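*Asks:* What follows is each chain in one-letter form.
Number of protein chains: 2
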Amino acid sequence: MHALEQKILSEGIVLSDQVLKVDAFLNHQIDPVLMQQIGKEFAARFKDAGITKIITIEASGIAPAVMAGLELGVPVIFARKYQSLTLKDDLYRSKVFSFTKQIESTIAISNKHISSSDKALVIDDFLANGQAALGLADLIHQANAEVVGIGIVIEKSFQPGRQLLLDKGYRVESLARVKSLENGTVEFVRD
Amino acid sequence: MHALEQKILSEGIVLSDQVLKVDAFLNHQIDPVLMQQIGKEFAARFKDAGITKIITIEASGIAPAVMAGLELGVPVIFARKYQSLTLKDDLYRSKVFSFTKQIESTIAISNKHISSSDKALVIDDFLANGQAALGLADLIHQANAEVVGIGIVIEKSFQPGRQLLLDKGYRVESLARVKSLENGTVEFVRD
Chain A
1 MHALEQKILS EGIVLSDQVL KVDAFLNHQI DPVLMQQIGK EFAARFKDAG
51 ITKIITIEAS GIAPAVMAGL ELGVPVIFAR KYQSLTLKDD LYRSKVFSFT
101 KQIESTIAIS NKHISSSDKA LVIDDFLANG QAALGLADLI HQANAEVVGI
151 GIVIEKSFQP GRQLLLDKGY RVESLARVKS LENGTVEFVR D
Chain B
1001 MHALEQKILS EGIVLSDQVL KVDAFLNHQI DPVLMQQIGK EFAARFKDAG
1051 ITKIITIEAS GIAPAVMAGL ELGVPVIFAR KYQSLTLKDD LYRSKVFSFT
1101 KQIESTIAIS NKHISSSDKA LVIDDFLANG QAALGLADLI HQANAEVVGI
1151 GIVIEKSFQP GRQLLLDKGY RVESLARVKS LENGTVEFVR D
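Going down the list, the sequences are from chains A and B. Take the first sequence: its position 144, counted from the start at 1, is 144 in this note's numbering, and no numbers get skipped. Just so we're on the same page, this note's numbering is the position in the second sequence counted from 1, plus 1000.
The hints are simulated quantities; they were obtained by calculation from the structure and are not laboratory data. Keep in mind it's a predicted model, so treat the numbers as computed, not measured. There could be a bad hint or two in this list.
[Claimed, not checked] So the derived list for chain B, only partly shown, Cβ under 8 Å to chain A, looks like this:
hint	residue
1	Q1018
2	A1024
3	H1028
4	E1058
5	A1059
6	G1069
7	P1075
[Claimed, not checked] Cβ pair distances, simulated, as ranges:
hint	chain 1	residue 1	chain 2	residue 2	range
8	A	S16	B	R1093	24 to 30 Å
9	A	S105	B	L1015	21 to 27 Å
10	A	S10	B	S1116	21 to 27 Å
11	A	K40	B	G1169	36 to 42 Å
12	A	S117	B	D1191	38 to 44 Å
13	B	K1101	A	T100	22 to 28 Å
Note that beta-carbon positions come from the ideal geometry of N, C-alpha and C, so glycine has one too.
If we strip away everything but chain A, and leave its shape as in the complex, we get (with noise of 0.2 Å):
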C-alpha cells in the first residue's frame, strides 16, 4: 500500500534492526485520514469474504479496525489485555506471549458478541511473531466462528510470524511488508 509505504519512509523510526516506531501515526499519534484509507483497502481485500466482524486487540489496533468495520459494514470487537470491573461475562481468554516485552498476558473477548455463525477478519497493527495474531484467532475458534483472514497493517517479514500463520492456513495480508531494518533503513518486500 503506497500511502502506508511513504509514511513510515517519511515518519518512521528505525530504532534497531528489529524494531521500527511508528508512533507519529499509528502507535501513539494516530493519522485518521491515514487510518481510512488502511481501512478501505482491507476492505477491498476482504470484501468478497463474507466478514460479519473484525476482531483485533487494544490499543494501536482499535483505529484500523474500526475504519475497516466502518467500510466493511460490520462491528469490531476489541480484545482486551485484562479483565476490567464491568466486563464480568463469561469470557473467552488466551495466553500471548510478548517477545518483545518478555511478558506473557491474557487477552479476552466476551462471549456475548461472538458467536458460531460468524465469519471473523483479524486485525492488528503489526505482524512479528505471530504470537497475538494467533491468540486472537484462538479466541474467535473458541467461539467456533471462524477465521477467515488476517489484516496486518505493517508486517516484520524478516521475523517468524507470516510464515507461521500461513503454515496454519490462515490468509494473511500485510498492507506494508517490511523484508529489512539494517542499516537504520527501512527495505519493504517487493513481489
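Given chain A's structure and the hints, the job is docking chain B onto it.
*Replies:* Frame of chain A, contents of chain B only:
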C-alpha cells in the same frame, strides 16, 4: 444526540445505580457507524474552535477520537496508561485516580507530538468523576498548549465530573447526559 441515546436505551445495560455497561457498542464491541456519527457530532460542535489536535486515552477513547479527528482533519494522540518499550522519549506524565477501580495510574504522552501552538480537544468515552479528563488536560497544559474543550460520549450527570470541569473553566460537550440509572432505568438530562 438522538442516535446515541437510542443505542444506550436499546443495548446499554444498567448494572447498578452507578454503572452503565455499554460493551455492546463502545467499550468492548464497537459500532463503527455510530462512531462515525459521534465523530461528526463532535466536529460540528467544535468546528469553529480552531482545533489542531485531539487527545484521548486508551482504549475506549480511541474510536470516537479517531472519527472526530477524521472529520476535523487533525491528528489524534492517545495517552498510554503505562510506558511501553518503544515509547522512550521524554514524556508528559500525569496521575489519574480511578474511583471505579480504586487505583491510581500514570498516563503519559510523548512531548514529540504536541507543542505550545496546539489547540487541543480532549475526547473520552465516559465522564463520571472527571479525573481522566483532568489528567489529559494536565498533559496538554504541560506542553503549554491550549485546552479548547472536552468532548464526552456519555456523561453520568449525577456524578461530580462535569461540574468539576466547568468550575475549572473548561467547555464540556457531552453527547449523551445520563441523569439517573435508578431502578434499572436510564434517564437522560433534558434541557
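*Asks:* Determine for every hint whether it applies to the structure shown.
*Replies:* How the hints compare with the structure:
| no. | hint | verdict |
| --- | --- | --- |
| 1 | Q1018 | 11 Å, violated |
| 2 | A1024 | 7 Å, holds |
| 3 | H1028 | 6 Å, holds |
| 4 | E1058 | 4 Å, holds |
| 5 | A1059 | 4 Å, holds |
| 6 | G1069 | 4 Å, holds |
| 7 | P1075 | 5 Å, holds |
| 8 | A/S16 x B/R1093: 24 to 30 Å | 25 Å, holds |
| 9 | A/S105 x B/L1015: 21 to 27 Å | 26 Å, holds |
| 10 | A/S10 x B/S1116: 21 to 27 Å | 24 Å, holds |
| 11 | A/K40 x B/G1169: 36 to 42 Å | 40 Å, holds |
| 12 | A/S117 x B/D1191: 38 to 44 Å | 43 Å, holds |
| 13 | B/K1101 x A/T100: 22 to 28 Å | 26 Å, holds |
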